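Chain W is already provided as a structure; the job is to place chain Y on it using the hints.
Letter by letter, the chains look like this.
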Amino acid sequence: MEFAFPEYNLRLMAPEIFLFLWALLIIAYDVLTKRKSETTAGYLALAGLMITGLILGFTGTGHGFGNMFVSDTAAKFFKIIFLGSAFMAIGSSFGIMREKIVNHRGEFYGLILFSTVGMMFLSSSNELLSLYIGLELTTIPLFVLAAFFKDDKLSVEAGIKYFIVGAFSSALLLYGISFLYGLSGTTDLVQMKINIAITHLTFQNIGVILILAIVLVVAGIGFKLSLPPFHQWVPDVYQGSPTPVAAFLSVGSKAAGLIAFAKIFVNGLFAFHHPDMAPNDWGRLVALLAVAAMILGNTVAIRQTNIKRMLGYSSIAQVGYIMIGIVAMNALGMAAMGFYIFAYMFANMGAFAAVAIVEDKTGSCEISTYSGLARTSPLLSATFAVFLLSLAGIPPLAGFMAKFYIFAAGIQAAQHDPGLYWMYWLVGIALLTTVFAIYYYANIIKQMYFAKEPSPHKVTYNFPALTVLLIGLAGLFVFGIYPEPVLHFASGIASSFGIIP
Amino acid sequence: MVPVSAYLIVAIVLFGIGTVGVLISRNMIVMFMCIELMLNAANLALIAFSRSLEVMDGHAFVFLVLTVAAAEAAVGLAIVLAIYRNRETINIDRFSILKW
Chain W
340 MEFAFPEYNL RLMAPEIFLF LWALLIIAYD VLTKRKSETT AGYLALAGLM ITGLILGFTG
400 TGHGFGNMFV SDTAAKFFKI IFLGSAFMAI GSSFGIMREK IVNHRGEFYG LILFSTVGMM
460 FLSSSNELLS LYIGLELTTI PLFVLAAFFK DDKLSVEAGI KYFIVGAFSS ALLLYGISFL
520 YGLSGTTDLV QMKINIAITH LTFQNIGVIL ILAIVLVVAG IGFKLSLPPF HQWVPDVYQG
580 SPTPVAAFLS VGSKAAGLIA FAKIFVNGLF AFHHPDMAPN DWGRLVALLA VAAMILGNTV
640 AIRQTNIKRM LGYSSIAQVG YIMIGIVAMN ALGMAAMGFY IFAYMFANMG AFAAVAIVED
700 KTGSCEISTY SGLARTSPLL SATFAVFLLS LAGIPPLAGF MAKFYIFAAG IQAAQHDPGL
760 YWMYWLVGIA LLTTVFAIYY YANIIKQMYF AKEPSPHKVT YNFPALTVLL IGLAGLFVFG
820 IYPEPVLHFA SGIASSFGII P
Chain Y
-12 MVPVSAYLIV AIVLFGIGTV GVLISRNMIV MFMCIELMLN AANLALIAFS RSLEVMDGHA
48 FVFLVLTVAA AEAAVGLAIV LAIYRNRETI NIDRFSILKW
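Here the protein sequences line up with chains W and Y, keeping their order.
Residue 340 is where the first sequence starts when you use the working numbering, and the numbers rise one by one after that.
Residue -12 is where the second sequence starts when you use the working numbering, and the numbers rise one by one after that.
Note that these hints are calculated values from the structure, not bench results.
Predicted model, so just to flag it, every value in this text is computed and none were measured.
Watch out, some of these pointers could steer you wrong.
Claimed, not checked - Chain Y stretches covered by chain W per the calculated footprint, using a threshold of three residues with CB under 8 Å from any CB of chain W:
hint : region
1    : 12 to 24
2    : 50 to 59
3    : 62 to 69
As the list claims (entries may be wrong) - Have a look at the derived ranges for each label pair, beta carbon to beta carbon:
hint : chain 1 : residue 1 : chain 2 : residue 2 : range
4    : Y       : M20       : W       : V370      : 29 to 37 Å
5    : W       : T644      : Y       : H46       : 51 to 59 Å
6    : Y       : V7        : W       : Q571      : 14 to 22 Å
What the hints assert, rightly or not - List time: in silico DSSO-like cross-link candidates among lysine-lysine, alpha-carbon distance up to 27 Å:
hint : chain 1 : residue 1 : chain 2 : residue 2
7    : Y       : K86       : W       : K373
8    : W       : K785      : W       : K489
9    : W       : K532      : W       : K492
10   : W       : K439      : Y       : K86
11   : W       : K439      : W       : K700
12   : W       : K785      : W       : K797
13   : Y       : K86       : W       : K532
14   : W       : K492      : Y       : K86
By construction, the Cβ of each residue, glycine as well, lies at the ideal position given by its N, Cα and C atoms.
So that you can see chain W by itself, here it is in the shape it has in the complex (with noise of 0.2 Å):
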């Protein structure tokens, strides 16, 4: 009897093997110096994300390990995110490494790194075991990053919150994805897609398990993506967590909150207008929770005195938006999602590492703290005040691209099929609310610029952290004017998920 052996093609996992050796190497050197190893284990991780993304390059697309791995262009483009997110937590955090994490900074440094890994295989999966076994590799280390200060009474509450929740949303995870196994018979998300349309062709009454299935696997992955009503872990571990993993978790856990989600839904879950199916019709519910995250984020962010709570609030909502692109189900639709994530890196990244350079100096992250700072440090008040401008959506910044695109992808989607005419309330609201939103953006501009008295602190900036609000400064500006090639590349997520435009 013939037996095929699956192809392997272990050189498409070539950034995850380099980058996974990497981290190790770091922890083996921060031991192998004594603890002594200063900022050279950070310039070792720095490295090692620029090494992977050459790797990432130069690796072809292409099928390995029987189907389970797979290198498409919606996987690089979320990897690019993955380690450009890693990258900017990793500069900014040289000034914590300083003051209060001495003797562990290779464990520091390398569970980042694990938890990129994790992501970089999250994004690569194309079936639900490699999809649960990525976000757990995910987010185990993140819940030590967010307890790293282990003497500290804030990290420790954030990172026992961050556990429960994670680990909670795990297993309603894990019981969905039971239940999608059970009706497919399969773990593969394409063969899944036919497969629970022949189950339901079949058996006329499988629709209840479908929708308790739906549900749960919102519910986990809605947990990840700080989707209310799972949200309220999100500003407590942004507060308590040191400010780099804070950031990390904005953009890294939650671009692999969303891929996650699209690869589920989008690609193992799609029959969204077919009349037969019914039951699969989890757009509306996703709808009425991105309605949930827009509004309750941008209203609870107003009245926020911590500045990295603020930087919480927002940052439900901007999932709300994004939302609105996965729920548009088009080809511009996942353009435009792939497109809004990566000008919020560079904006939320970059705000974040602000907040670390001034956490740095005064060891506050009070809004009051920033009062009249314009005048004492002009160059950091000027790009944080670019960075909370891009988060809200003012042109010619990368963030209002992002907005315009995924509201002209809702308002398509609703042109397209009649039975998608809610979309345009969506789109309404998502354009209400974005004004709400500047309220409270703008309040810190003006905390900074128009205070009668000069802030008596005046900060000082270490070259990572300085490269990075340099990046995330030419990335908006750059990707504002001129984001065409980052949405020719991200047009192509919606070939990867079987949606043909």
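Same frame as chain W, but now just chain Y:
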């Protein structure tokens, strides 16, 4: 032969006990045990489906889930230990410095 629905009912009861336990328990360790119960309910459902559909993917899945649960337990107990050292309690109601 026991029908697959029997296993699924046991699984859903286990999952329900676990979920309710996480939501109402105030002790960190008990919450943690309830999460393990939820994972095991999912494992039971995976095995039952795998057996009745006669495909082996579910079996492989369960082994990896067990590994993940072990890793999660290692990290989780370490964090519980860290918070016990600086608060001297593991009651979740007392962890309320962070709130809006």
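Going down the list of hints, with the structure as the test:
Only residues whose beta carbon comes within less than 8 Å of a beta carbon in chain W count, and the region 12 to 24 of chain Y has 4; three or more means the coverage holds. Counting residues of the region 50 to 59 of chain Y whose CB falls under 8 Å from any CB of chain W gives 5; the rule of at least 3 is met. For the region 62 to 69 of chain Y, the stated coverage by chain W holds: 6 residues have a C-beta nearer than 8 Å to a C-beta of that chain, and at least 3 were required. A hinted range of 29 to 37 Å holds for the C-beta pair Y/M20 and W/V370, which are about 34 Å apart.
A hinted range of 51 to 59 Å holds for the C-beta pair W/T644 and Y/H46, which are about 52 Å apart. About 18 Å separates the C-beta atoms of Y/V7 and W/Q571, a value consistent with the hinted range of 14 to 22 Å. For the given pair, Y/K86 sits about 39 Å from W/K373 by alpha-carbon distance, which is inconsistent with the 27 Å threshold. Between W/K785 and W/K489, the direct Cα distance comes to roughly 36 Å. Violation of the 27 Å bound is thereby established for this hinted pair.
In summary, the hint linking W/K532 to W/K492 is not supported, as the alpha carbons are separated by about 47 Å, beyond the 27 Å threshold. Distance hint between W/K439 and Y/K86 is fulfilled; the C-alpha atoms sit about 24 Å from each other, no more than 27 Å. Between W/K439 and W/K700 the alpha-carbon distance is near 13 Å, which keeps this suggested pair within the 27 Å criterion. Under the criterion of a C-alpha separation no larger than 27 Å, the hint pairing W/K785 with W/K797 is consistent with the structure, at around 18 Å.
In summary, the hint linking Y/K86 to W/K532 is not supported, as the alpha carbons are separated by about 42 Å, beyond the 27 Å threshold. A hinted pair counts as satisfied when its Cα atoms are at most 27 Å apart, and W/K492 with Y/K86 qualifies at roughly 13 Å.
Consistency with the previously given hints fails for numbers 7, 8, 9 and 13, ordered from lowest to highest.
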